[in-house]
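Chain by chain, the residues run as shown.
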Amino acid sequence: MVAVFSRFYSPEEFPFLIYLTWVTSFVLFVSFVVLSTYLIKLRKALRRKEKERKDCKLSYEPFIIEYLYSSEDPKVLTERQHEIIETLKPKIQSASQRKVIISILYNLMNEVSGEMAESIKLFYYKTGLIEYGVAKLQNKNWYVIAKGIGELTRFNIKEVHQQVEPFVNHERKEVRSEAHMYMVNLFHFEGLTFLDNLDVPLSEWNQIQLLEVLQKIDNQSICDIKPWLNSKNDTVVIFALKLAEIYNQYEVNTTLLGLLNHPNKNIRIAVIDALTHLYGIEAVEKLKANFNNLSVEEQISFFQMLEKLVMPTDEPFVEAHLFHKNFDIQLLALKILKSINIDKYFEFSGLPAHKKSQAMLKLTPTN
Amino acid sequence: MDWLTTIIKIFHWLFFAYSFAAIASYIVLSFISAKETIEYLKRNSFVHYKDILSSSMSPSITIIAPAYNESLNIIENVRSLLSNHYVNYNVIIVNDGSSDDSLEKLIEAYDLVLDEHVYNEKIKTQSLRAGIFKSKNPAFEKLLVVDKENGGKADALNMGLNISNSNYVACIDVDCLLLENALQKMIKPFLEDTDGKVIAAGGVIRIANACKIKQGKLIDVNLPKNLLVQAQILEYIRAFLLGRMAWSRLNGLLVISGAFGIFDKETAIAVGGYDTNTVGEDMEIIVRMRRYMEEQNKKYKVSYIPDPLCWTEAPDNYKSFISQRNRWTRGTIETLKKHRKIGFNPNYGSFGMLSYPYWLVFERLAPIIEVVGIIYFVILVILEVVIWKYALAFLLLAYLFSVVFSIIAIYSEELTYHQYKKKGTGYKLILLSILEPFILHPFVLYAAIKGNYDYYFNKTLKWGKIERKGLATDNED
Amino acid sequence: MSKHKIVLAEDNSTLSLLLKFRLEREGYQLFLAEDGNQAIDLIQDEKPDLVLTDVMMPYKSGLEVISHIRNKLEKETPVIVFSSAGQEEMVLKAFSLGANDFMGKPFSPNELVIRVNRLLN
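Taken in sequence, the protein lines are chains A, B and C. Here the first sequence is numbered in the numbering used here, starting from 258 and rising by one per residue. Here the second sequence is numbered in the numbering used here, starting from 886 and rising by one per residue. Here the third sequence is numbered in the numbering used here, starting from 2 and rising by one per residue.
Since the hints were derived computationally from the structure, they do not count as laboratory data. Possibly wrong hints are sitting among the right ones.
Said to hold, decoys possible - Okay, derived cross-link-like pairs now, DSSO-like style, lysine-lysine, Cα gap no bigger than 27 Å in a straight line:
id, chain 1, residue 1, chain 2, residue 2
1, B, 1226, B, 1009
2, C, 106, A, 383
3, C, 48, B, 1099
4, B, 1184, A, 489
5, A, 565, A, 592
6, B, 927, A, 356
7, A, 582, B, 920
8, B, 1099, A, 308
9, A, 592, B, 1019
10, C, 106, A, 314
11, A, 430, B, 920
12, A, 393, A, 348
13, A, 308, B, 1306
14, A, 356, A, 298
Required output: the full structure, derived from the provided sequences and hints.
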């Protein structure tokens, strides 16, 4: 594949070409020797670094644990804790050691809460690690900024929020995503105010992460989501719909009914799903009247809504769609019919095979 | 004899231009790949996968793994597939008309019972045989086993596409070992993109021969003793870390390994699923999905995740190696031929003007051009018109170039994933880059030529429905 | 009276060490495992009075560890499971397999001590 054999042989008239060939070969040979030697060195260096990292971690872990257990009050340092901080402070000057210490603390913050988390935070302040963290926000490289925001999020550093806030609309999605996470991790539902002025898309990945954080917090009293439902940013609307569903926001049902005419199809589908979840019975008649103008995806979502919110009066409508061209709708219609009028369902399942819909054939095979 | 000299000269210039273009393309691709790799590492340097490991709000993924006469390892393989750390996923094992006791073993080991499962046959497939099975044991609730009539790998995957209820499907070979965080990492590009649509994401295949595997988990990575396998490791590193990485940056990937890729189910079904008439269904479906998106004028992307997430056994003897590469060659020919409309067609953008031509000229035609060159050279030797000094100079240059290129590939491995950590492996890898052109290349060439021959002249293979189709492991291009 | 034995299975080494110190101060004897396989070996060799296990671990999950204790060894050793947010499903499974208690991460080590004491005394 790679070995490109030059099957070219040249007549005498190209001495320059031949000369060039020899020179290039020589250059390649030299680079092979140099690269190989350096490769071996690189591998050694990588192994050494790995070992150093491990040793470093092993030597600092006991210090940090001792620090955490020497405390009586997480807000006041004991003498032993001062000593440990003084021992570790100089080590922090070195970038590689700082990295190891940060990673030990970082991993712990994820696992412990309460007084111990407070203690770790205090350690982060007193050793001066916080200054390195905040300095990252000024860095010209976007990935350093993102890393810095992530670190400040993990250690719960609320006082830098004014410095972090401008990053919520950053051009790199990685940076803004970290900034969003910062806002929500530290300020919970209040942190979501960044959505008011968000003019960049909020990716699905980002939305999942935010919802995950929100579900972890104890205080689940959500703020008013109506403004986001009417946002010009479609991804914000989608996110607000998810909030409405998860936090059972029955009070936004009227707003949702209005959104059934949203120009974005994906939003319309999400609205139907949300209304289904929130028992938006009013939507049934509205959608039924407009059924034939809906896209197939919306029609499927609507039948899923009916599956949950069906009334006996819907029977003629359901029956009319037993032979809809879409299989999913056929199947849903059949299932709904079964739930409201079992006799009629048996009538259809008794039909000869050639008169059945695809769904009937699958659900009620004729023997 | 004037006309003969002219012909010879034209030949020379064509060969020269081809070689030069090939070398230039390799150099350009490695630069692009270096750029993309750095960018990828930066992007992922602060992502903590553990934090987002297990959100129940993450989208559902179905793993579809076709199995044909895999009775020997099926229980363990399934167990490994069930142990992924992603929350929202299920596994569909499609038993493609196996004649062994795979199904009985699965029923026994996983407490399976027949399940009334209504699904829509959106893609036409062979019919069910024993039916669809689910486990009685809640510990295996993610598992669904489908027993169907034999129809080949593509047909089995299509059955899985029909049955899956997820938005995303991961099509994999049943004997692949997936790392626990593989699904999270692979689903990320689909969820992150807000501009256009990601239709598929491909993963890297790593070679598991000689690696220590316990209970479906990778414990220790080793460089195998077998030279053929070693050479393939180098080849895979080159192909995945340099080649595909670069093409992914250009959004020009034409193939996702059949051994591990994730697809947007809606698009995969919209194009009609896998083609059952080709041996290269993994390449064909990507080309068809891309074509579909281009024709719909929709913005799309085929993503690529370079992390070592999927490990599989590579052939360790020349016989099965050659038959594997023979099949890959036929798959490439079939795919390019079926979609020749795309080639050099500006309506298909860079897909038609760059990716397709590149594959045609440097993958599809390379072995043929090489053989023609060798024959031509032999004729010159017989006619005693070779100026050896020159011929050797060019051969040496080509050889050294390939060695240095391999070394660069090793560098990109060391600086990114550094999987072969053991002391002394470095020397072996360097030795390998020197030997690889002799261990692997002649056989790759032979297999490719044989593939061409089989495609055009061997009717039993061409109309291969007579032979019973197994599910061969297609790992790379 | 001899010390109560506790096997702790957790892949974050710092957290393991932290909990070890804390529980040893309470007068327990701790055995640390970094993954599910090690945990099962330790449980078989040391016959602990209590098992603390993370759900997500390399090689074998905490669920498999519980199932091993209850079904293979047929023991009633109390088990406390740790889980991260978003793993509610896992917690339910852990209970149905026979776990005695669970703690969602992040948790306070002091609270863990109280729960351990309650199960052992």
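- Query: For which of the previously enumerated hints does the structure constitute a violation, in increasing order of number?
  - Reply: 7
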